[in-house]
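2 protein chains.
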Amino acid sequence: MKLASLKGGRDGRLVVVSRDLESCLEVPDIAPTLQAALDDWKTAAPRLKAVAESLDAGTAKGARPFDQAAAASPLPRAYQFVDGSAYLYHVELVRKARGAEMPEGLKTDPLMYQGLSDSFIGPRDDILVASEDYGIDFESEVAVITGDVPMGIDARAARAHIRLVMLINDVSLRGLIPGELGKGFGFLHGKPASAFSPVAVTPDALGPAWDGGKLSLPLVSTLNGAEFGHPDAGEDLAFDFGALIAHAAKTRALSAGTIVGSGTVSNRREGVGSSCLAEKRMIETIEQGKPSTPFMRFGDRIRIEMRDEAGASIFGAIDQTVVRYEG
Amino acid sequence: MKLASLKGGRDGRLVVVSRDLESCLEVPDIAPTLQAALDDWKTAAPRLKAVAESLDAGTAKGARPFDQAAAASPLPRAYQFVDGSAYLYHVELVRKARGAEMPEGLKTDPLMYQGLSDSFIGPRDDILVASEDYGIDFESEVAVITGDVPMGIDARAARAHIRLVMLINDVSLRGLIPGELGKGFGFLHGKPASAFSPVAVTPDALGPAWDGGKLSLPLVSTLNGAEFGHPDAGEDLAFDFGALIAHAAKTRALSAGTIVGSGTVSNRREGVGSSCLAEKRMIETIEQGKPSTPFMRFGDRIRIEMRDEAGASIFGAIDQTVVRYEG
Numbered sequence: 001m002k003l004a005s006l007k008g009g010r011d012g013r014l015v016v017v018s019r020d021l022e023s024c025l026e027v028p029d030i031a032p033t034l035q036a037a038l039d040d041w042k043t044a045a046p047r048l049k050a051v052a053e054s055l056d057a058g059t060a061k062g063a064r065p066f067d068q069a070a071a072a073s074p075l076p077r078a079y080q081f082v083d084g085s086a087y088l089y090h091v092e093l094v095r096k097a098r099g100a101e102m103p104e105g106l107k108t109d110p111l112m113y114q115g116l117s118d119s120f121i122g123p124r125d126d127i128l129v130a131s132e133d134y135g136i137d138f139e140s141e142v143a144v145i146t147g148d149v150p151m152g153i154d155a156r157a158a159r160a161h162i163r164l165v166m167l168i169n170d171v172s173l174r175g176l177i178p179g180e181l182g183k184g185f186g187f188l189h190g191k192p193a194s195a196f197s198p199v200a201v202t203p204d205a206l207g208p209a210w211d212g213g214k215l216s217l218p219l220v221s222t223l224n225g226a227e228f229g230h231p232d233a234g235e236d237l238a239f240d241f242g243a244l245i246a247h248a249a250k251t252r253a254l255s256a257g258t259i260v261g262s263g264t265v266s267n268r269r270e271g272v273g274s275s276c277l278a279e280k281r282m283i284e285t286i287e288q289g290k291p292s293t294p295f296m297r298f299g300d301r302i303r304i305e306m307r308d309e310a311g312a313s314i315f316g317a318i319d320q321t322v323v324r325y326e327g
Numbered sequence: 001m002k003l004a005s006l007k008g009g010r011d012g013r014l015v016v017v018s019r020d021l022e023s024c025l026e027v028p029d030i031a032p033t034l035q036a037a038l039d040d041w042k043t044a045a046p047r048l049k050a051v052a053e054s055l056d057a058g059t060a061k062g063a064r065p066f067d068q069a070a071a072a073s074p075l076p077r078a079y080q081f082v083d084g085s086a087y088l089y090h091v092e093l094v095r096k097a098r099g100a101e102m103p104e105g106l107k108t109d110p111l112m113y114q115g116l117s118d119s120f121i122g123p124r125d126d127i128l129v130a131s132e133d134y135g136i137d138f139e140s141e142v143a144v145i146t147g148d149v150p151m152g153i154d155a156r157a158a159r160a161h162i163r164l165v166m167l168i169n170d171v172s173l174r175g176l177i178p179g180e181l182g183k184g185f186g187f188l189h190g191k192p193a194s195a196f197s198p199v200a201v202t203p204d205a206l207g208p209a210w211d212g213g214k215l216s217l218p219l220v221s222t223l224n225g226a227e228f229g230h231p232d233a234g235e236d237l238a239f240d241f242g243a244l245i246a247h248a249a250k251t252r253a254l255s256a257g258t259i260v261g262s263g264t265v266s267n268r269r270e271g272v273g274s275s276c277l278a279e280k281r282m283i284e285t286i287e288q289g290k291p292s293t294p295f296m297r298f299g300d301r302i303r304i305e306m307r308d309e310a311g312a313s314i315f316g317a318i319d320q321t322v323v324r325y326e327g
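Which chain is which? The protein sequence lines are A and B, in order. Mapping the first sequence onto the UniProt record's numbering, position 122 (from 1) lands on 122, and the numbers just tick up by one. Mapping the second sequence onto the UniProt record's numbering, position 270 (from 1) lands on 270, and the numbers just tick up by one.
Hints are not guaranteed to be accurate.
All copies of an identical chain are treated as equivalent in the list; a pair is satisfied when it fits inside any one copy or across any two copies.
[What the hints assert, rightly or not] Straight-line alpha carbon distances no greater than 30 angstroms define the calculated DSS-like cross-link-like pairs of lysine-lysine that follow:
| id | residue 1 | residue 2 |
| --- | --- | --- |
| 1 | K250 | K280 |
| 2 | K42 | K96 |
| 3 | K107 | K7 |
| 4 | K250 | K183 |
| 5 | K290 | K183 |
Think of the hints as simulated: they come from the structure by calculation, not from any bench.
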């Protein structure tokens, strides 16, 4: 089953989307918003699934074309977004880039930060930034939305609480991060609003690429029309989503609608490129003594998408342009 | 005007509370929840204020007694909670306690972290913690709830976006914090769910104690029935709420219902006590070479309250007991 939120109001309007992303149907009688569906998933999910089946069969009454550009992020605002950093090659490169040490216990204790969730950018909306000097970067990631998760759950049991899977562009302001992290309280200015893919997908609709905890397909980032990277999201991750959810829930329950991010997808093998500029710049620094790829400038465009083995877009595409915030 | 959320569902049921905290009235026709009122404040606020006036005049039909123990936190879940650390004496003591250095630029650049907001504890609910070894502490603070705040706002203009004021118990697990902050991504395990006062109050109802950016009254913390501290929330803060909101909004807009915390209230003058155990333990370490006050144990009780100059409770009391999480 695929779900999206058409723009409208603070929470959008929930639609069920066909598997091929071609058509959709509003479902106000089932749940007006995705958060409302997640709050009462046990009741809502079977009814939404029936709509999805009728859409895929071409028998849904009232179906209309699905326009990815009319979609907000699946949860236009959420009660929680925690973002892990499960791909350790990314961690190594980015820490080298800002001269920070590798944390101890990195392979057993995930890195994770509490991110902003009060308002996400739409998947086709501009990324508004006040200054290019902030070091504007994208980060292509996979994320899940959970149901209610009890405190203290283990990684294996946590998998059963994954409701939906989607993609993220975790916008990062590299120039602001070193000073901010130096203060010790984590990210605030350095991680402005993220964008999510137009569509969120239930695990059962991902087929064999989903093993219950991770999604093994290439995540393609395209910068200004040229492919920038296609690392496989199922490779080189130290923690799957079960482990990340369990980490988040160590001292607290997680409420339905919590978004858990994987961190920037990154593979060690050569030739697959990167999922953010900071990595490429660090590789350049290692190889050539200094970075030659600039951070994003106003007008730059980033597209993030994942295709199934038949080449069909699973989540739709994040496709955003960086624009100066005029305030 | 005073507002509260009676327990019920994920978001509670909004009630207007009388100035003396004795009576309340549900207002489903105006807004079913506090978040709904904040989402449409311009329309809802005047109508809620009319109800408040009739409650205070004793003419409200359907009014019933207000039971603080039946209240959830005013926002039982919120889209954002950012917590500052505006009282620098607290920062100095707590950093000394964990052997951390004072950040540079501390007096001009506020410390602030992105806190969890997906589910808050009720003001009279137990604080569930899996182990006393986590170093359980309370932190008594003041907080505001904002309306929509544009990105890049300045401190003076930010004041106009303060909708409500309340108190917090920002529960902290001191034993988990040094390791977590050492990883560089801020608080996750060390800051579980907080609790807020039973009632949130509009700035205009705070009288001369509110100057538009800070609240100048003693904040009283009572531990196991004995007064632990009564520092004045209007003293020794380096940043008022206007400055804290502006800091939070530097690279992002803030959505209606964002909670901004002051950090632990702390005065330099002697004799007023503290608003958390970590401070007292550090003072003991400085004076006696080691701490003699333990962190909270299962069964310990913390009460946090603020009274006006006439001695009346403004926000009602947070009153919580630490209980072992059996999960």
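Task: Hints the structure fails to honour - done: 2, 3
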